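S.K.: Here is what each chain is made of, one letter per residue.
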Amino acid sequence: MDQTGLADIHGTYTNEKSLLRFLTCGSVDDGKSTLIGRLLYDAKLLLEDQVAALESESKLHGTQGGELDMALLVDGLQAEREQGITIDVAYRYFSTARRKFIVADTPGHEQYTRNMATGASTADLAIILIDARKGVLTQTRRHSRIADLLGIRHIVLAVNKMDLVEYSESRFDDIVHDYRTFVKSQDLGFEDIACIPLSALKGDNVLEPSTSMGWYRGPSLMAHLETVDFTTERSFDAFRFPVQWVSRPNLDFRGYAGTVASGSISPGDRIIVQPGSQQATVNRIVTMDGDQPVAESGDAVTLCLDREIDVSRGDVIAAAEDSVPVTDQFAAHLIWMDDQAKLLPERSYLLKLGTKTIGAAVTRLKYKEDVNSGEHLAADTLELNEVGFVNFNLDQPIAFDAYKDNKALGGFILIDRMSNQTVAAGMVAFGLRRATNLVWQEVDVDKQARAKQNQQKPCLLWFTGFSGSGKSTVANLVEKRLHAMGQRTYLLDGDNVRHGLNKDLGFTDADRVENIRRVAEVGKLMVDAGLIVMASFISPFRSERDLARELFEKDEFIEVFVDASIEACERRDPKGLYQRARDGKIPNFTGISSPYEPPETPEIHLQTEQLTPEEAADLVVAQLQGKQRLLA
Amino acid sequence: MTMANQQAERATVSAGHALPPHLKRLEAESIEIFREVAASFHKPVMLYSIGKDSSVLLHLAVKAFYPAKLPFPLLHVDTTWKFKEMIEFRDRTAKELGLDLMVHINQDGVDKGVGPFTHGSAVHTDIMKTQSLKQALDRHQFDAAFGGARRDEEKSRAKERIFSFRNRAHAWDPKNQRPELWNLYNSRVNKGESVRVFPLSNWTELDIWTYIELENIPVVPLYFAKERPLVWRDGMWIMVDDDRLPMEPDEQPEMKSVRFRTLGCYPLTGAIESTAGTLPELLAEMALSRSSERQGRVIDKDQPGSMEKKKQEGYF
Ligand SMILES: Nc1nc2c(ncn2[C@@H]2O[C@H](COP(=O)(O)OP(=O)(O)O)[C@@H](O)[C@H]2O)c(=O)[nH]1
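Going down the list, the sequences are from chains A and B.
Here the first sequence is numbered in the working numbering, starting from 1 and rising by one per residue.
Here the second sequence is numbered in the working numbering, starting from 1 and rising by one per residue.
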């Protein structure tokens, strides 16, 4: 008869069952998989066919000479099973009468730091596994440091394989002593550490108290997991609500949907919308189960306000008397997660924090942290699994909290604009400058006024294409025509800019990014001055062009793709550059030894193999007229 | 406002319970996922397969956007071999909730007469389900598709992301998945690429049934025991749902009280003997039985790791 199952159902209906998310970390062979498998097996949480599968797979792939190999229960993907190692984060679920558990099972080798960080990001507690024969090792220190970095406050030090050290109390005490000394010396922010001697293989202290370790008076692992208080002492209770989605089903209803990140809110409470300073009063908390008198941390609701103010996705609604810091520069820990590309300082990435996604660049890498020793090292980049402390510069101010206070508004991810990969995870340490009162210098003669006087709507035409595709020729002709029509223009040419403004820059990836950034900023000032600007740059990378585009208002940036095949350009070779690149005299030459990413949806697409330069220029001018940029 | 209020009142009356904390947390997490997708993709769709997970998925979606209507359509990939009661339930649900429901059938497959008896379960599933789904996704250029899969269903799903990236060919690469931290989902895709989104990732089968009970969510009656006509095929009880099922010359279907644990194509879905006609009875029976739900599916049995292979090819 199945006691657990019945108790479970009974529990579901009668108990206030809570949800504990925990992480298991250990290096290969510490017995992590065996421990989780044992936990599920002993608690009778496996189903008959799962046990049958385990029996047959133990015979095929098992490491226990045909005996049940618990590790097979949890090693998920076939490739991993065959290699006998766990290489990704796997999530498992079980529940007892008291709690539902979500286990993030992650590998512990140094090359899997990113996986461990991923699992840790949502965990309330970490089980750190130690092989009793080996004691506290480098990896134990690494796991503890990452757990601390990700804000885990509750630790279980599981000293496994006690059967191999004759269940020795003194051995256990030594390990516990070493561990506590280490935690203290590093000032790790754990609130409690439960140390439990185990044998995952034999089942001692997993579910039932061990008969071989009478000297141990504490709870078994399961008993501890079922009862540990995992709320945190430093609990943060200021109301924060990142707006996810604006709900406007009809003219009478306007609500802001999202999940309460911290604190609570009731109708009648004053709120402030940030970044910004508009205030209002909450008048309804809407859910399909009826209006609610209160919404608390973790609740997904829709808030209605007493007045119409401008709120959009990405804004944070906060308690008026306890507003969120706002900044456009902060310091943060960063864990690099991409195996293809490393961190490029000054490059613009997308940063997602709460429900807001903005452009952001690392302005300074202060140091790299050795995850094994905690030592700070000088560095100019971060690679896969490396942890660094950096300064960020953001395109716009955002509302944030320090990660240690509030994970929901202090944790962020970085996305590469080119590959779309999630390349890093970050934790805000502190803001570097309060932008709350940072306002742009308002000037009386503004862009509109200048534009009107110039009889045109200023814009930037960004010509991109291979060397020799005709960018400069066409841009030149366009400027001539506009000039003849009485328009005010300026042409920014790649080579010319490199002789002056950018003469300090070379052709490394970082320098190319900076080159484009400066040109875009100059173009922006010129557009602000009311000019129609033409910029002619090979600009091979989509992310860099997007970076430029983001500086401008929606229809001010006009991307002109000057399209000619690489073969055609090489035949033309007006400056003899292709020949030199082919001879290996120019490294990183676009089209030969460095890629070109064509625009996906350019505003204007010129196929210069089919057009004369004059026809191409006419097309551009016609487009400007069509877009009503020329008012005369 | 008035309409919304009325609806809200009705909802309050029907939901005279409080969810236990763990279900409340799961519910909020799923709602957050729905909203995130609606806010950050161009053209999402919800894959609706009519089963219990789909029923819960739909219920959560309606909650996520209440009082607004669902900001995306539903898509059912019909293999033409679903149980009749499933199709009736689907059409009734769509009508009652005023849903924008699209049904896609692989006409190519129909023209070639593809079916489980003539072509075998593997070919049938591939052509009428996997290929058919890809056809529909390509045709409508959806960039995000919600599905009801849970991580606890099968081992290879335990490492599935909540936002699962698919390339232009809809393929899943287990070695190249985006890390997923906190509740921060990466929703960037290039043209032609897409994500499958699984709002129920962290739910277990027991969570699903408990939630159905507490929230009063309608499900297809096939989940509850009733006398049904059956034949024994390849170690499973198969229901005689229509006259396409080949019978021996003088074979008569047997009547037995059975229910289904998962629902799919009727010739590929095994019934289990049961007397559980109500939800509490069903929950009690589940606690006694000790087998996982995919056991009744022909498709997972072919070889170990078979689900993983199917997913790489684009199966949900
Ligand atoms: N003697 C003994 N061996 C164990 C114990 N726990 C795990 N092992 C063995 O250690 C090896 C590695 O275990 P596994 O669970 O695969 O480690 P993982 O790589 O951390 O998941 C296997 O051979 C296990 O049987 C234990 O408590 N005592």
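The hints are simulated quantities; they were obtained by calculation from the structure and are not laboratory data.
Careful: at least some of the hints might be erroneous.
Below, a list of computed lysine-lysine pairs in the DSBU-like style, where the Cα atoms sit at most 30 Å apart [stated by the list, open to error]:
#	chain 1	residue 1	chain 2	residue 2
1	B	Lys191	A	Lys627
2	A	Lys554	B	Lys191
3	B	Lys84	B	Lys226
4	B	Lys191	B	Lys43
5	B	Lys63	B	Lys84
6	B	Lys84	A	Lys17
7	B	Lys226	B	Lys256
8	A	Lys627	B	Lys43
9	B	Lys43	B	Lys24
10	B	Lys24	A	Lys17
11	B	Lys43	A	Lys554
12	B	Lys191	A	Lys524
13	A	Lys184	A	Lys366
14	A	Lys575	A	Lys554
15	A	Lys404	A	Lys366
16	A	Lys404	B	Lys24
17	B	Lys191	B	Lys95
18	A	Lys134	A	Lys184
19	A	Lys554	A	Lys457
20	B	Lys24	B	Lys63
21	B	Lys84	B	Lys95
22	A	Lys447	A	Lys457
23	A	Lys342	B	Lys191
24	B	Lys134	B	Lys69
25	B	Lys95	B	Lys69
26	A	Lys457	A	Lys366
27	B	Lys63	B	Lys112
Computed from a predicted model, the values in this text were never measured in an experiment.
S.K.: Take a quick look at whether B:Lys84 and B:Lys226 sit within 30 Å of each other, Cα to Cα.
M.R.: 15 Å, holds
S.K.: Could you grab the alpha-carbon distance between B:Lys24 and B:Lys63 and see if it respects the 30 Å cut-off?
M.R.: 13 Å, holds
S.K.: Is the hinted pair B:Lys84 and A:Lys17 satisfied, with a Cα-Cα distance of at most 30 Å?
M.R.: The given pair, whose Cα atoms are some 38 Å apart, is violated under the 30 Å limit.
S.K.: Could you grab the alpha-carbon distance between B:Lys226 and B:Lys256 and see if it respects the 30 Å cut-off?
M.R.: 8 Å, holds
S.K.: For the pair supplied as a hint, B:Lys43 and B:Lys24, confirm whether the alpha-carbon distance does not exceed 30 Å.
M.R.: OK: B:Lys43 and B:Lys24 at ~28 Å, within 30 Å.
S.K.: Take the C-alpha atoms of A:Lys457 and A:Lys366, compute the straight-line distance between them, and say whether it is at most 30 Å.
M.R.: Violated. A:Lys457 to A:Lys366 sits at ~43 Å, over the 30 Å cutoff.
S.K.: Would you mind confirming whether the straight-line C-alpha gap from A:Lys554 to A:Lys457 stays at or under 30 Å?
M.R.: 13 Å, holds
S.K.: Please work out if A:Lys134 and A:Lys184 have their alpha carbons no farther apart than 30 Å.
M.R.: 21 Å, holds
S.K.: Between the alpha carbons of B:Lys191 and A:Lys524, is the straight-line distance 30 Å or under?
M.R.: Measuring from Cα to Cα gives roughly 29 Å; hence the hint holds.
S.K.: Given the hint that B:Lys43 pairs with A:Lys554, does the C-alpha gap stay at or below 30 Å?
M.R.: Given that 30 Å is the threshold and the Cα spacing comes to 22 Å, the pair holds.
S.K.: Between the alpha carbons of A:Lys447 and A:Lys457, is the straight-line distance 30 Å or under?
M.R.: Distance of about 9 Å is within 30 Å: holds.
S.K.: B:Lys191 and B:Lys95: Cα distance at most 30 Å?
M.R.: 33 Å, violated
Hint compliance for this structure: hints 6, 14, 17, 26, 27 are broken, all remaining hints hold.
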